[in-house]
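Visitor: Can you build the whole structure from these sequences, using the hints too?
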Amino acid sequence: MGLLNKLDDPFEGGGVLLGTVEDVLNWGRSKSDWYLHFGLACCAIEFMAMNASHFDFMRFGTIPRTSPRQADFIMITGTVTLKMAERIKILWEQMAEPKYCMSIGSCSNSGGPYWEHGYHVLKGVDRIIPVDVYVPGCPPRPEAMQEGMVKLQKMISEQAIFNKRKRMAEIDKQNEIK
Amino acid sequence: MAEKKTFEMEYSKVDTERMRLNVGPQHPSTHGVLRLEVELDGEIVTEVVPHMGYLHRCFEKHCEAMTYPQCIPYIDRLDYISSMNNEWPYVMGVEKLMGIEVPERVEYIRVIMAELNRIANHQIAVATFGLDAGAFTPFLYYFRDREEILAILEKASGGRLLYNYFWVGGLAADVHPTFKQECLDVIKHIRATNAEVTNLLIYNKIFIDRTANVGILPADVAINFGCSGPVLRGSGFPLDLRRAEPYSIYDRFDFNVVVGKGEVGTLGDCWDRNIVRMGEMEESCKIIEQAIAQMPDTGDVQEKLPKKIRIPKSEILSRAESPKGDLGFYIVGNGTDKPERLRCRATSFINLSVLPEISKGYMIADLILILGSIDIVLGEVDR
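Sequences listed follow chains A and B, in order.
Under the numbering used here, think of the first position of the first sequence as 1, with each following residue one higher.
Under the numbering used here, think of the first position of the second sequence as 1001, with each following residue one higher.
Any given hint could turn out to be false.
[Stated by the list, open to error] Distance condition first, Cα-Cα at most 30 Å in a straight line; then the derived DSS-like pairs of lysine-lysine: (1) LYS151(A) x LYS1155(B); (2) LYS1338(B) x LYS1313(B); (3) LYS1338(B) x LYS123(A).
[To be verified] Here are some chain A residues pointing at chain B (derived, C-beta under 8 Å): (4) THR79; (5) LYS83; (6) MET84; (7) ARG87; (8) LEU91; (9) PRO139; (10) GLU143.
[Claimed, not checked] Here chain A is said to cover these stretches of chain B; the calculated rule only asks that three of the stretch's residues, wherever they fall, bring their Cβ under 8 Å from a Cβ of chain A: (11) 1050–1058; (12) 1071–1078; (13) 1134–1145; (14) 1155–1165.
Hints listed in this document are in silico derivations from the structure and should not be mistaken for laboratory results.
Beta carbons are placed, not taken as given, at the ideal position from N, Cα and C, and that holds for glycine.
Guide: What follows is the structure in structure tokens.
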């Protein structure tokens, strides 16, 4: 976090803070992510446990929303069936940019235990919507889900907002396979 | 006075339009991915049509392709809140077909684990029912206590939610040395929280006003629909498989079958179904205490594990009392190590079928409460 490092070393006399607009925006965006909770199966019970008193998910600045219009990211917790996949796609399209997706549990990562004979199970939610963070486990422990949240916050705080195309092109150039 | 009369007459003439409302599938109050198609007259519910299949995970197809021990993890994932109780009837059925006599220590550990899991299930049921009625505090209290139960189950089996702990002929692992003391400690906390919640929620005036005389299910209707568990016992009918057909070692314990009495409203309303769950937590605590006192200290929990599980051409319906009710598995063997067919009598599915019957004529806010009082798990409904 660029901004917080600069807080430790202010100008003489204090009161001046140097930072880019991007740092401030990303700091705010990453520390108050509201999520659309999409509880589907067993992972949703672990998710409830994570939200409750013992693990207290809200200290990450997250608030559960039930409407996709108010959500910053979507949490897919559980087995995605073919019947449900249409609904997830609709809800994902209703969300406002910038939006992120967190896939929790083996089922939504890859089909999990149902990948071989599950004729009604979608083999991974990334086949219909782009996923940013995968949390493995069947079901993942609440600590693992919180680790996923930390990863997502880190990802958001390092994102480019201005001159996005130009900077992305530079990054692509660096990563180009020679 | 005359004005009021004309107003009433005009009001009665107002033609309200019937509205069809879609509740779910992604809705925080439907306890999973259930979709309810509701027909409303104003705010009164006139028709409810549940639509299922949003979590159909092909359980029976999987079991035809898996060997008998491999089926157990899929059975865990049916009713994922009470996995231990799900495994039990299946494992009992296979043991009966193979003629395995389980060691006594295993039986006692199974009883303790199943009852701990039953308490955890009822804690979630009461907590989410409180959430539906607008009470957030019991949810936080119960999830604090539930972590202690899960810690015991995790130490024994390695999993917090899905255990794969009951194996055919024994257990996956022996319990840890401090198991008995930890169980006794957790029972103290459970009882303290239950007393607190009884004051905070159960006999709260607002909660009684919301839940009493709502969703009345008479005992004859419940029996006709095949309901079981707290839904049936809430209507005053004392059917509990642990007492009616004692399986395992349940005939050795002294416990009451809790039934609804219509204490604050009509017999069989939402409040009664909820108080049955509260009472069953106390009864489970009693069973655990007795089981811990009687349990043998030593013994190999894996001595009766069969080397190879093959079932001859035979079939069995094995039943046990899960927290949701009467859970059954119909196992058909064909001489190989894979079942020919494995059918699950899903309790939640059958209990859910009564919802359209008992929710007609109530407000739409009450519909959510009635659904919460039935305590369904969609993993078991859709399978």
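Visitor: Just to make sure I understand the rule, a stretch counts as covered if three or more of its residues have a C-beta closer than 8 Å to a C-beta of the chain. Does the region 1134–1145 of chain B meet that for chain A?
Guide: holds (count 5)
Visitor: Hey, does the PRO139(A) contact hint survive, CB to chain B under 8 Å?
Guide: Since the shortest Cβ distance to chain B is 6 Å, the answer is holds.
Visitor: Verify the proposed pairing of LYS1338(B) with LYS123(A), using a straight-line Cα cut of 30 Å.
Guide: Measuring from Cα to Cα gives roughly 25 Å; hence the hint holds.
Visitor: Go through the hint on ARG87(A) and say holds or violated, using the shortest Cβ distance to chain B against 8 Å.
Guide: holds, 6 Å
Visitor: Between the alpha carbons of LYS1338(B) and LYS1313(B), is the straight-line distance 30 Å or under?
Guide: At roughly 11 Å apart (the allowed maximum being 30 Å), LYS1313(B) and LYS1338(B) satisfy the hint.
Visitor: Straight-line Cα separation of LYS151(A) and LYS1155(B) no greater than 30 Å?
Guide: holds, 29 Å
Visitor: Under a C-beta cut-off of less than 8 Å, do 3 or more residues of the region 1050–1058 of chain B approach chain A closely enough to confirm the stated coverage?
Guide: holds (count 6)
Visitor: Check, residue by residue, whether the region 1071–1078 of chain B contains three or more positions whose beta-carbon lies closer than 8 Å to a beta-carbon of chain A, and give the verdict.
Guide: holds (count 3)
Visitor: Do three or more residues from the region 1155–1165 of chain B put their C-beta atoms closer than 8 Å to C-beta atoms of chain A?
Guide: Holds: 3 residues of the region 1155–1165 of chain B have a Cβ under 8 Å from chain A.
Visitor: Quick check on LYS83(A) please, does its C-beta sit within 8 Å of some C-beta on chain B?
Guide: For LYS83(A), the interface hint holds, since the closest Cβ of chain B sits about 5 Å away, which is under 8 Å.
Visitor: Does the interface hint hold: is LEU91(A) within less than 8 Å of chain B, judged Cβ to Cβ?
Guide: With Cβ-Cβ at 7 Å, under 8 Å, it holds.
Visitor: So, as I understand it, the hint says THR79(A) touches chain B; can you test that by seeing if any CB pair is closer than 8 Å?
Guide: With a minimum Cβ separation of about 6 Å from chain B (threshold 8 Å), the hint on THR79(A) holds.
The structure shown violates just one earlier hint, number 10.
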